[in-house]
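Undergrad: Now for the letters of each chain:
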Amino acid sequence: MLHESHKTKELKVNDVNLSFSEIYRKPYFPHEHEESIKKANLLLLPFEGMRGFEKPVFPEETMSFYNYIREYENNELIPDICISDQDYHELELHADLITLPLLLLDKVVLPIAIGLITHYLTQKQVARKRDLKVKVNVTVVDGDKSKSLSYEGDVDQFEETVKAASDNLFNS
Amino acid sequence: MNFEEINNYLQNFTGTELRKDIPDLLSHLKKEALDNSDQDLAKNIWCLEQVYIVIAHYLNAFRHLHEKDFFEAWCQLDRAEIELSFLRRHFDYSGNKYNLGIIENHVLQLQKMFPYQYFFSRESVVKKWYCSICNEEISLRKSCGHKVGEIYNGEQCCRVAGDIEFLGIALVTDPFDKYTVIFPKGLDYNYSMLESLMVNFKDPFQIWELSITKKLKVEYEGAGKNRPCICNSGKKYKMCCLKSGNDLYDHYHINFFVDAPTTIIPVSEQFVHTWK
Ligand SMILES: [Zn+2]
Ligand SMILES: [Zn+2]
Chain A
1 MLHESHKTKE LKVNDVNLSF SEIYRKPYFP HEHEESIKKA NLLLLPFEGM RGFEKPVFPE
61 ETMSFYNYIR EYENNELIPD ICISDQDYHE LELHADLITL PLLLLDKVVL PIAIGLITHY
121 LTQKQVARKR DLKVKVNVTV VDGDKSKSLS YEGDVDQFEE TVKAASDNLF NS
Chain B
1 MNFEEINNYL QNFTGTELRK DIPDLLSHLK KEALDNSDQD LAKNIWCLEQ VYIVIAHYLN
61 AFRHLHEKDF FEAWCQLDRA EIELSFLRRH FDYSGNKYNL GIIENHVLQL QKMFPYQYFF
121 SRESVVKKWY CSICNEEISL RKSCGHKVGE IYNGEQCCRV AGDIEFLGIA LVTDPFDKYT
181 VIFPKGLDYN YSMLESLMVN FKDPFQIWEL SITKKLKVEY EGAGKNRPCI CNSGKKYKMC
241 CLKSGNDLYD HYHINFFVDA PTTIIPVSEQ FVHTWK
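As given, the protein sequences belong to chains A and B, one line each in that order. At position 111 of the first sequence the residue is numbered 111 (full-length UniProt numbering), and the sequence of numbers has no breaks. At position 248 of the second sequence the residue is numbered 248 (full-length UniProt numbering), and the sequence of numbers has no breaks.
Don't read these hints as lab results, they were simulated from the structure. Fair warning: this is a prediction, and the values are worked out from it, not measured in the lab. Using N, Cα and C, we set each Cβ at its ideal position, and we do this for glycine too. A few of these clues could be false.
As the list claims (entries may be wrong) - Taking CB as the label site, the calculated pair distances span:
| id | chain 1 | residue 1 | chain 2 | residue 2 | range |
| --- | --- | --- | --- | --- | --- |
| 1 | B | D203 | A | E159 | 37 to 47 angstroms |
| 2 | A | G52 | B | A161 | 16 to 26 angstroms |
| 3 | A | R70 | B | P228 | 58 to 68 angstroms |
| 4 | B | K236 | A | K38 | 53 to 63 angstroms |
| 5 | B | K238 | A | K38 | 34 to 44 angstroms |
To be verified - Straight-line distance between alpha carbons at most 30 angstroms, and here's what the computed BS3-like set of lysine-lysine pairs gives:
| id | chain 1 | residue 1 | chain 2 | residue 2 |
| --- | --- | --- | --- | --- |
| 6 | B | K127 | A | K135 |
| 7 | A | K26 | A | K145 |
| 8 | A | K145 | A | K129 |
| 9 | A | K129 | B | K235 |
| 10 | A | K12 | B | K243 |
| 11 | A | K129 | B | K112 |
| 12 | A | K9 | B | K214 |
| 13 | A | K124 | B | K127 |
| 14 | B | K214 | A | K124 |
| 15 | A | K129 | B | K214 |
As the list claims (entries may be wrong) - Which bits of chain B does chain A cover? Going by a derived footprint, with three or more residues having C-beta under 8 angstroms, they are:
| id | region |
| --- | --- |
| 16 | 123-136 |
| 17 | 167-179 |
Isolated chain A (complex conformation) (with noise of 0.2 angstroms):
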């Protein structure tokens, strides 16, 4: 049967070595976006190594998750995409599994990613009018120090679960 889904949620914290530096050196970094992508603080970025696939690719949807941050209003947010229009590739899994691309981003823009992604994803739940799940990893980077957040579970525990976890994320 399909069952109602069990309200599930699971969050992992853990030390990265992940930084915006290593990105720009990366074998699929654009070198004709290279201006704008290193003003950006918010980075979404492919999956390398994905189902033996030999080129980085996006999860599904990605190209409307990154027009969504395009134009979500904000001063201090500098979202961008790091892979050029001609590499750019989704995997598509066909799975009822929202997946977000990794999200690299500064601490200072953490507070105003995690309202993105909910609203994001509310969106979504409205839409389809189904409980969905989604697994999401976000890059937190603070000086030379980085920390990955990855959440896996209920649309509607993301924020609540997220937003604990990043209150004190660089203290503990």
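We have chain A already, so just place chain B with the ligands on it with the hints.
TA: Okay, now just chain B with the ligands, sitting in the frame of chain A:
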């Protein structure tokens, strides 16, 4: 029939079969609207086309359920759900207008009563997209200006995938494409829950509610929390099945809301397994 007449017809429809000429009539009206550059009317006609499609899929599903053609019914329910999701943002059907509230509710609840658990999922990489309205190629930073989901010239804009590289097939439990049900050889799905429902579900717009609650399995009745668990894991019950919820089953209950309760044939409680 003009726009208003079709609108009234769909709004008041409660039968089991829709008039077959409506789609042609609507497409004709839409052509006229576009000839007069009336984008608003063209969009309203698109909405009625969608209403018609949703009701038609739902009625097909209802008929297939009565004919015990369960998989076909499943696919029709899926279509009804998808087409309704396209319509939702453009059309206010609150208060059960056009009976879409009942359909929305019934589709979701009927889907829960199917025994399907595993599905195929096609995994692929898409490298190019085109706009369904202007056929122009869309890329990340360059768009034709048409927005996905919006209505232009009485048609909904979507992205059309081109240059697809097929990667493989996966077995999943949460498919987006629900028609990819797996039918293993030698096993037959058990549809007895739907069969029981259909005994009383005679009119597609009849109101009923499905409630699913957790109940304790008989073998766990009276089990001591600190005693060894009944499943023979060697752990205490409270650390094992009580914790995991393995001691519970889903109890499905259907309530019919009718003026004359005598017309409903009660169905006794029964255990239903996925397979026959
Ligand atoms: Zn276009
Ligand atoms: Zn046990």
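Undergrad: Is 53 to 63 angstroms right for how far apart the beta carbons of B/K236 and A/K38 are?
TA: Distance hint for B/K236, A/K38 holds at roughly 58 angstroms.
Undergrad: Just to be careful, I want the Cα atoms of B/K214 and A/K124 compared with a cutoff of 30 angstroms; is the pair within it?
TA: 29 angstroms, holds
Undergrad: What's the verdict on A/K12 and B/K243, does the C-alpha distance respect the 30 angstroms limit or exceed it?
TA: 22 angstroms, holds
Undergrad: Between the alpha carbons of A/K145 and A/K129, is the straight-line distance 30 angstroms or under?
TA: 40 angstroms, violated
Undergrad: Per the hint of 34 to 44 angstroms, is the separation of the Cβ atoms of B/K238 and A/K38 within bounds?
TA: At 56 angstroms between Cβs, range violated.
Undergrad: Count the residues of the region 123-136 of chain B whose CB lies closer than 8 angstroms to any CB of chain A, then report whether that count reaches three.
TA: The restraint on the region 123-136 of chain B holds, since 6 of its residues have a Cβ under 8 angstroms from chain A and three suffice.
Undergrad: Can the restraint linking A/K124 and B/K127 be considered satisfied, given a maximum Cα separation of 30 angstroms?
TA: With Cα atoms ~24 angstroms apart, A/K124 and B/K127 stay inside 30 angstroms; holds.
Undergrad: Check the hint pairing A/K9 with B/K214 against an upper bound of 30 angstroms on the C-alpha distance.
TA: Status holds; Cα separation ~20 angstroms.
Undergrad: Can the restraint linking A/K129 and B/K112 be considered satisfied, given a maximum Cα separation of 30 angstroms?
TA: 15 angstroms, holds
Undergrad: Just to be careful, I want the Cα atoms of A/K26 and A/K145 compared with a cutoff of 30 angstroms; is the pair within it?
TA: Measuring from Cα to Cα gives roughly 19 angstroms; hence the hint holds.
Undergrad: Does the Cβ-Cβ separation between A/G52 and B/A161 fall within 16 to 26 angstroms?
TA: Roughly 20 angstroms apart at Cβ, these two residues keep to the hinted range, so it holds.
Undergrad: Cβ-Cβ distance between B/D203 and A/E159: within 37 to 47 angstroms?
TA: 42 angstroms, holds
Of the numbered hints given earlier, the model fails hints 5, 8, 9; all others are met.
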